[in-house]
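Those protein sequences? They're chains F and D, same order as listed.
Position one of the first sequence corresponds to residue 1442 (my numbering), numbered consecutively onward.
Position one of the second sequence corresponds to residue 2 (my numbering), numbered consecutively onward.
I should point out that these hints are in silico values taken from the structure, not numbers from a laboratory.
Hints should not be assumed to be uniformly reliable.
[To be verified] Capping the alpha-carbon separation at 16 Å, the derived lysine to aspartate or glutamate pairs in EDC-like fashion look like this: (1) F:K1518 - F:D1545; (2) D:K87 - F:E1544; (3) F:K1518 - D:E174; (4) F:K1546 - F:E1517; (5) F:K1711 - F:E1695; (6) F:K1711 - F:D1699; (7) F:K1711 - F:E1679; (8) F:K1484 - F:E1517; (9) D:K87 - F:E1547.
Note that the coordinates shown come from a computational prediction; the quantities given were computed from them, not determined experimentally.
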Amino acid sequence: MTAPNALSTDLLGAIGGVPRPESDVVVDARDVNKWFGRLHVLKDVCLQVKRQETVVVIGPSGSGKTTFIRCVNHLEKIQSGRIFVNGHLIGYREGGGGTKLVEDKEKNIARQRQEIGMVFQRFNLFPHMTALENIIEAPIHVRGMGHDEAMVMGRALLERVGLAAKENVYPNQLSGGQQQRIAIARALAMKPALMLFDEPTSALDPEMIGEVLEVMKELAREGMTMIVVSHEMGFAREVANRVVMMDDGVVVEEGTPDQVFSSPTQDRTKAFLSKIL
Amino acid sequence: MGRHIRGIRPALLAGCLLLLPLILEGCTARRTAPYTYDWNQGFWTPLFHPDNLILFGLWLTVFIAVVSQFFGVVLGVFGALGKMAKAWPIRLIANVYIWFFRGTPLLVQIMLVYYGLLVTKIYPWPDLYIPILGFTIVSEIQAGIVALSVNEGAYMTEIVRAGILSIDPGQMEAAKSLGMTYGQAMRRIVLPQAARVIVPPLGNEFNNMLKTTSLLVILGGVPELYFTFSNKATQNFHPFEFFLACAVWYLLLTTIWSIIQGRIERRLAKGTAAGAAAAERGGFRERLLGLRGAGSSGLGGH
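The task is simple: from the sequences and hints, build the whole structure.
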């Protein structure tokens, strides 16, 4: 095992520095509504994330927080509202004179997703590819990066998440923590302007949570813009610029970690925090 | 001891089969037999000194099977994607295709494709010269390949679809989140993984295909293995010996195929727990000769 202090330094150096988002407000979600059939899962959700900000979304399960960040890269459709990333409307174009949302062309959606990295609860590494192949796959086949250049970048990323020795190893031979660190490296390799984390430590054994959070903390320190859905309150307190509390599809409360954790104003926030802290 | 008996011993079976002529000779010798076996001309010669007709038949059988299976897989991939398409007209076309070709006898399809299109002049099957291969494919063989391909495609559709559905949807999501289009994600992420699931049933399909080519005898102009032996058997009035030899040739083909299939499966298994286990278990030769506990997975196993 790699010593924890060997982990994660200068992560963004491996991809040529902090990717520059085009606008100061990286994510701008306005009045987002989503239904699963008759179930109203997102109710007029509004959220802004500024450049280099880390926003942690908390809330009970079923509160819509995972659904919300899946909408940000259009893995889920929305029924009304607008989500802008870097000033571009995500997944849709305006139709019917600005009154209707029309789903965008697949190619455009794919291009938008290149700017948005996502890390999943269950890692979703490609099992038929080695660690390094997982990382260089999209840079080569989506971005059109040269093979050699991608290898150099991929190795640098692996080294900086502390897994240089694992480049030729297949995911099924890696621990959950190692897989998740590679999944983060894979997302970073696309040089995204925004990173989404969907409960990245929820599927991990307790002893592996630390190594993944360490990588995420380093990313935040280096100035990556991130939205993190997480139950890790320690991480939120230490790293988040803002904490957003969601319940029942609604943003209940948002503020600095101190405000939300130490003096929550809403009863639902208090009730939730009393259960998990 | 029990372990050894349980395992199927393909080598032993092959031995028994080759001794069959002698055993049958013994059984019938005492009767006043109207039939005289001619094992030399009818069995041993076609096996160990096959003439050019047999060799050509072998080659044609393999050629038709490989080409038809190839197009069958291609059609199967498109069929599966069609069946899962968002647009209903595409789904309808895929469903009708499968419904028709799985619901009618292959023999009928062969006749329909050849005589049907020929007589109506919808497609009169002109001889086709293939520059890359350097030879001409006559009309009956073309029609045969087309009929076998579309029939196989219908079956492969379900196999490919099951393979794709077996892959965790998270794989498609991860690929999309990296900016891949649906097509890229299918080609580079989902289908390679689905291939692992598809290869074992695909192997069975090809095993069937090798044998099903014999149905093309109905067209009269496809001198594949069965056609050749069937001619010899009737000309010489020794159907038993000739068809037995014919069976051995088919067995040889399917046996060689099962060896190749095993290799392919092991190669595709990389990155899976099953892959590591298969590498441990050892090669086909060991299993064939029963050098290790072969378990219940015998030769072919179809």
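How the hints compare with the structure:
no.: 1; hint: F:K1518 - F:D1545; in the structure: holds, 11 Å
no.: 2; hint: D:K87 - F:E1544; in the structure: holds, 14 Å
no.: 3; hint: F:K1518 - D:E174; in the structure: holds, 13 Å
no.: 4; hint: F:K1546 - F:E1517; in the structure: holds, 15 Å
no.: 5; hint: F:K1711 - F:E1695; in the structure: holds, 13 Å
no.: 6; hint: F:K1711 - F:D1699; in the structure: holds, 13 Å
no.: 7; hint: F:K1711 - F:E1679; in the structure: violated, 19 Å
no.: 8; hint: F:K1484 - F:E1517; in the structure: holds, 15 Å
no.: 9; hint: D:K87 - F:E1547; in the structure: holds, 13 Å
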